[in-house]
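Given these sequences and hints, build the entire structure.
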Amino acid sequence: MTQRPLELILARNLMSALSTPAFLVDEGGILVFYNEAAGMMLGKRFEELGTVGAAEWGQLFGPFGEDGEPIPYDDLPLVAAVRNGRPAHAEYVIHSSDGASHEVEVSAFPILTAHGSQGGIAIFWPTQMNGAGEGAA
Amino acid sequence: MKVKLWGTRGSIPSPGPETIRYGGNTSCVGVTLSDGSLLALDAGSGIRSLGLALGSEPARLHILLTHLHLDHILGLAFFAPAFRPQTEIVIWGPASPEASLRDRIARYISAPLSPVEVRELPCDVSFRHCPETEWEIGPARIRAASVAHRGPTLGYRIDDGDSSLTYIPDHEPALGADLDRLEEDWISGFALARDTSLLIHDGQYTDAEYPEHVGWGHSALSHSLAFARRTGAERTVLFHHDPLHSDDFLDGFAAEAQERWVALGGNPAALELGAERAEYELPARAAKAAAAA
Numbered sequence: 522m523t524q525r526p527l528e529l530i531l532a533r534n535l536m537s538a539l540s541t542p543a544f545l546v547d548e549g550g551i552l553v554f555y556n557e558a559a560g561m562m563l564g565k566r567f568e569e570l571g572t573v574g575a576a577e578w579g580q581l582f583g584p585f586g587e588d589g590e591p592i593p594y595d596d597l598p599l600v601a602a603v604r605n606g607r608p609a610h611a612e613y614v615i616h617s618s619d620g621a622s623h624e625v626e627v628s629a630f631p632i633l634t635a636h637g638s639q640g641g642i643a644i645f646w647p648t649q650m651n652g653a654g655e656g657a658a
Numbered sequence: 017m018k019v020k021l022w023g024t025r026g027s028i029p030s031p032g033p034e035t036i037r038y039g040g041n042t043s044c045v046g047v048t049l050s051d052g053s054l055l056a057l058d059a060g061s062g063i064r065s066l067g068l069a070l071g072s073e074p075a076r077l078h079i080l081l082t083h084l085h086l087d088h089i090l091g092l093a094f095f096a097p098a099f100r101p102q103t104e105i106v107i108w109g110p111a112s113p114e115a116s117l118r119d120r121i122a123r124y125i126s127a128p129l130s131p132v133e134v135r136e137l138p139c140d141v142s143f144r145h146c147p148e149t150e151w152e153i154g155p156a157r158i159r160a161a162s163v164a165h166r167g168p169t170l171g172y173r174i175d176d177g178d179s180s181l182t183y184i185p186d187h188e189p190a191l192g193a194d195l196d197r198l199e200e201d202w203i204s205g206f207a208l209a210r211d212t213s214l215l216i217h218d219g220q221y222t223d224a225e226y227p228e229h230v231g232w233g234h235s236a237l238s239h240s241l242a243f244a245r246r247t248g249a250e251r252t253v254l255f256h257h258d259p260l261h262s263d264d265f266l267d268g269f270a271a272e273a274q275e276r277w278v279a280l281g282g283n284p285a286a287l288e289l290g291a292e293r294a295e296y297e298l299p300a301r302a303a304k305a306a307a308a309a
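Taken in sequence, the protein lines are chains A and B. Sequential numbering of the first sequence, starting at 522, is according to the working numbering. Sequential numbering of the second sequence, starting at 17, is according to the working numbering.
If you are wondering where the hints come from, they were derived from the structure by calculation, not from laboratory data. Accuracy of the hints is not assured; some may be wrong.
Residues on chain A that point at chain B, a partial pick, calculated with CB under 8 Å [to be verified]:
id : residue
1  : 562
2  : 566
3  : 636
4  : 638
Ranges of calculated distance between the beta carbons of each label pair, as one might list FRET restraints [stated by the list, open to error]:
id : chain 1 : residue 1 : chain 2 : residue 2 : range
5  : B       : 115       : A       : 571       : 39 to 45 Å
6  : B       : 272       : A       : 580       : 47 to 53 Å
7  : B       : 293       : A       : 566       : 49 to 55 Å
8  : B       : 124       : A       : 608       : 34 to 40 Å
9  : A       : 646       : B       : 76        : 43 to 49 Å
10 : B       : 225       : A       : 576       : 47 to 53 Å
Pulled from the structure, derived: some chain A residues nowhere near chain B, Cβ distances all over 10 Å [to be verified]:
id : residue
11 : 523
12 : 526
13 : 528
14 : 557
15 : 565
16 : 569
17 : 579
18 : 601
19 : 605
20 : 616
21 : 635
22 : 648
For glycine and all other residues, C-beta sits at the position ideal for the given N, C-alpha and C.
Okay, here's the thing in structure tokens:
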């Protein structure tokens with residue numbers, strides 16, 4: 522068994538208590554956790570989805586640019602934050618499992634420790650929701 | 017591997033008639049490896065007694081610090097072997113981006129807090145940041161990992177032959193987490209303690225006390241029991257007693273811990289409260305098998 526770095530453990534614990542959608546990736550860019558608020562936005566709880574890589578994530582939820590085209594993996598703020606060790610910000614659209622689309626602002630920052638980068642955190646700020654899920658409680 | 021508790025108290029030395037059985041000295045555990053090498057886990061006030069018990073031996077020892085809170089380094093300036101030129105001491109501890117281990121310890125062993133400076137210690141002392149990977153001291157393999165506490169803090173696992181000791185005296189693994197539901201790899205300190213022969217773990221608070229101390233870096237009883245159960249430790253010693261807990265109080269705490277441990281399916285002989293000067297001998301696997309037969 523590989524123990525998760527303490528910084529990821531503490532980040533997950535904090536994110537679990539937040540009502541803002543938040544996502545956590547490890548140093549390899551694998552999505553290792555998202556919180557209940559994010560699960561509500563995506564229409565799928567993390568416990569249902571589990572750990573996923575970028576390719577699967579893209580197929581499920583996007584993200585997409587204003588033109589509807591998928592945003593390349595390398596351009597995602599969270600990927601940029603982990604790779605470059607710097608915060609990153611973007612606006613894009615994601616699709617939830619019920620077909621609704623969500624316009625979000627995303628701020629991502631790396632988790633830097635004495636042992637180097639351990640991953641990154643992205644906070645999603647929903648700005649608008651359209652489509653099947655519109656009006657849902 | 018032989019283990020002796022020289023200081024079991026947390027936070028501040030608490031001597032007096034009301035703490036005479038469980039002890040009033042702060043964290044220090046002496047470990048004698050199978051080849052006779054000596055380790056000291058933390059250097060709270062208990063290390064003073066360890067130093068006195070050593071006499072003029074050994075010529076070389078290692079001190080493994082979990083962190084630099086005062087109750088874990090308090091005894092360094094009163095450790096008799098440090099004042100003998102023939103002694104070689106290697107002090108291991110957590111790295112920090114702020115300053116080196118030596119410089120951080122020197123804040124305590126320097127004026128105006130101390131009459132001596134680190135550079136004035138007659139012994140041959142060196143300071144080493146614990147590596148990320150396992151390393152060896154004598155016949156033992158040592159692992160250090162960051163654990164949930166305030167500030168850079170390590171837990172240790174020492175494997176010597178078939179026996180292992182895990183030492184996590186200051187630990188709040190349930191901060192923002194449900195230990196009964198969390199996956200193993202997401203539990204702070206889990207890999208250090210998994211299936212260990214002897215787990216020495218934070219047991220500072222009762223469940224009733226914990227809500228007033230959330231985020232202080234210590235465990236409530238239910239957290240300590242859940243951690244011990246999840247990790248499969250063969251034997252668990254609750255440690256780092258709160259300075260406000262008298263012997264009589266801790267007797268009651270021990271009884272409650274036993275009752276709840278058994279209710280969780282635990283072996284009653286596998287859980288106890290740490291008492292100053294208590295000794296444990298961790299047998300090799302062959303000896304364990306013979307004893308079981």
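Hint check results:
| no. | hint | in the structure |
| --- | --- | --- |
| 1 | 562 | 21 Å, violated |
| 2 | 566 | 14 Å, violated |
| 3 | 636 | 6 Å, holds |
| 4 | 638 | 14 Å, violated |
| 5 | B:115 / A:571: 39 to 45 Å | 41 Å, holds |
| 6 | B:272 / A:580: 47 to 53 Å | 52 Å, holds |
| 7 | B:293 / A:566: 49 to 55 Å | 51 Å, holds |
| 8 | B:124 / A:608: 34 to 40 Å | 36 Å, holds |
| 9 | A:646 / B:76: 43 to 49 Å | 57 Å, violated |
| 10 | B:225 / A:576: 47 to 53 Å | 48 Å, holds |
| 11 | 523 | 6 Å, violated |
| 12 | 526 | 7 Å, violated |
| 13 | 528 | 8 Å, violated |
| 14 | 557 | 13 Å, holds |
| 15 | 565 | 18 Å, holds |
| 16 | 569 | 15 Å, holds |
| 17 | 579 | 25 Å, holds |
| 18 | 601 | 23 Å, holds |
| 19 | 605 | 19 Å, holds |
| 20 | 616 | 28 Å, holds |
| 21 | 635 | 5 Å, violated |
| 22 | 648 | 28 Å, holds |
Violated hints, in rising order: 1, 2, 4, 9, 11, 12, 13 and 21; the structure is consistent with all others.
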